[in-house]
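Engineer: Sequences listed follow chains A and B, in order.
Going by this note's numbering, the first residue of the first sequence is number 15, and it counts up by one from there.
Going by this note's numbering, the first residue of the second sequence is number 15, and it counts up by one from there.
Some clues are possibly wrong.
Any copy will do: because identical chains look the same in the list, a pair fits if it lies in one copy or spans two.
Unchecked claim - Derived lysine to any residue pairs resembling SDA-like cross-links, with alpha carbons at most 25 Å apart: (1) Lys61 <-> Leu287; (2) Lys290 <-> Leu216; (3) Lys61 <-> His256; (4) Lys105 <-> Ser72; (5) Lys16 <-> Pro197; (6) Lys105 <-> Pro74; (7) Lys105 <-> Thr120; (8) Lys61 <-> Glu98; (9) Lys105 <-> Glu119; (10) Lys219 <-> Arg179; (11) Lys290 <-> Gly181; (12) Lys45 <-> Arg179; (13) Lys199 <-> Asn78.
Source of the hints: derived by calculation from the structure; they are not laboratory data.
Quick caveat: nothing in here was measured; it's all calculated off a predicted structure.
Protein chains: 2
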Amino acid sequence: MKLAILGSAGMIGQELLDQLSQTSAPLSIEKLITCDRAPTPVPAVLKACTIEVVGTVSDPDAINAVLQHRPDCIIHLASIVSGEAETDFEKGYTVNFDATYALLETIRGLNSREGYHPRFIFASSIAVFGPPFPAILDDDFHLAPRTSYGTQKAMQELLVNDYTRRGFIDGLSLRLPTICVRPGKANLAASSFFSNIIREPLAGKEAILPVDESLRHWFASPQTAAGFFVHAIGLDLSQIDHRRALSMPGVSATVGEQIAALEQVAGARAVGLIRKQIDPVIEGIVTGWAPNFTAARALALGFTADRDFVVIVQQHLSRN
Amino acid sequence: MKLAILGSAGMIGQELLDQLSQTSAPLSIEKLITCDRAPTPVPAVLKACTIEVVGTVSDPDAINAVLQHRPDCIIHLASIVSGEAETDFEKGYTVNFDATYALLETIRGLNSREGYHPRFIFASSIAVFGPPFPAILDDDFHLAPRTSYGTQKAMQELLVNDYTRRGFIDGLSLRLPTICVRPGKANLAASSFFSNIIREPLAGKEAILPVDESLRHWFASPQTAAGFFVHAIGLDLSQIDHRRALSMPGVSATVGEQIAALEQVAGARAVGLIRKQIDPVIEGIVTGWAPNFTAARALALGFTADRDFVVIVQQHLSRN
């Protein structure tokens, strides 16, 4: 198959390429088209079949360079992050909405001229949901984002559904849980502490916990999140209807349960590196995040979560 | 106040102007800006303060001609109907989505330059919802439209929410029930029979009923629907949060209950003019429409429905 990945140089894109490069990968890739604003590192085994496009999804030339190969499947991971979409309103809409709308319109043009009809897998987010929340969100809970990022994700989901229903694409939107443990450095994003309090102590460094241990949230490891896309590429979607946005399965854990998992994997000394220092601003933001999901439709389609938070900590440790 | 109405020549726009022209109207209108693709009939009492713009919402000149007056409140009713948005995909997105996005962007520009911050009341629709439905939809039921029209309405709602949260407008989206009894002629829209089976017999004419009497749906009279907008103009929204899309209250009635109301108002002879002739295509479409709503948030804000379907029939009779 010919597979295109938009946003291929990002965290999920890189993990996805790693999984696709495993000899045990179930997919036979004859052509891989990567696309990101920076060059995409590609595993050696995939290099021979890779065509690299360097450019953003907002750039029509980059999009045309990808689409000229008529990929059978397009995985759309390209996005600016939540914090940036909030501080730069215009850039958020330009990159996170306008670009996808233009991309889908270009595909629609190819569909009407030559019947092109790719699978289109879009990386959405649980940021499409907003409070007040029930204890557990089912698949019928309403879209009420409280960020511009979440608004843009919800609007893209609606487009993916409608362009699918109208027969222009075979679309699917995967609402990813918060990714944890994120590799790399601690940053200033409100969600960053969820990863920091695991990653930093595992590396022998101190981490700040800015919220109460009772806070509950919804997680997937980077490996599991990338695995959702691998699963979606070959999934038989003929049995599901026009509701093509699926909340992915995850692990619901309190911060206290995260810390207990860290202790189980790395001992009390690691936990001792976490310093609690409540930040009311961060606490105000993250208490607006969803605690738990049934993910019933996704589970029925064979998507699977990490077993528990201990596994999430172990996965991070085994990779870094 | 300065009030602008986009789509002022349509059914709701005309009813709204009629209500605003009543001497009992609670609003003091110093300037009224009408805008439609055709000239807008305006009640005599409002003529002196009216500025008429003839043009579509997709036309930047028309929008600028409206916004140059810096209306305190913009009521956005302009839209192509569901059937047309389905048959003409491009026109649907151009009129029902792109135009609103461009309008909001123009307002955002004025907001950043001079702090302009109008109330913005958007006519949404219960078409944002799709099956499978529970027996009664609460305010947390998800957006899963099964038409392009419903998709466009849902995307506009999301923009209204986000532009409100970011401080560019003071927005509110009113999800209207199916309007019944629609004045005018019978037409070929799938929903048209809901009105035909009341309006035509009241005028001594035969009407076709293409569905089973057990079908349940959600209704508001044109008068009540226009009243929602009058109520929204002056509503104190300081107590409601960023979730600015409200399902309006209505009357949940089966087709059988509609017919019983017709009989109560106009007798058995009127009912005798209804001829049942099942149309599987129409039945297939309308069974995908929502049966009943709590409308709890709207009711708490003082929006009120017609009392029952008998009142809806009587209202039609008293006006036509």
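Engineer: Would you mind marking each hint as holding or not holding in the structure?
Structural biologist: Hints, one by one, checked against the model:
1. Lys61 <-> Leu287: Neither: 41 Å inside a chain and 73 Å across chains, both beyond 25 Å.
2. Lys290 <-> Leu216: For Lys290 and Leu216, the Cα distance is within 25 Å only inside one copy (17 Å; across copies 73 Å).
3. Lys61 <-> His256: neither (36 Å within a copy, 47 Å between copies)
4. Lys105 <-> Ser72: So Lys105 and Ser72 pass the 25 Å test inside a copy (10 Å) and across (23 Å) alike.
5. Lys16 <-> Pro197: neither (29 Å within a copy, 54 Å between copies)
6. Lys105 <-> Pro74: both (16 Å within a copy, 22 Å between copies)
7. Lys105 <-> Thr120: both (21 Å within a copy, 16 Å between copies)
8. Lys61 <-> Glu98: Close neither inside one copy (32 Å) nor across copies (48 Å); limit 25 Å.
9. Lys105 <-> Glu119: Cα proximity of Lys105 and Glu119: in one copy and across copies (20 Å, 13 Å).
10. Lys219 <-> Arg179: The answer is neither: 50 Å in one copy and 38 Å across copies each exceed 25 Å.
11. Lys290 <-> Gly181: neither (52 Å within a copy, 34 Å between copies)
12. Lys45 <-> Arg179: neither (28 Å within a copy, 44 Å between copies)
13. Lys199 <-> Asn78: For Lys199 and Asn78, neither the intra-copy (34 Å) nor the inter-copy (48 Å) Cα distance is at most 25 Å.
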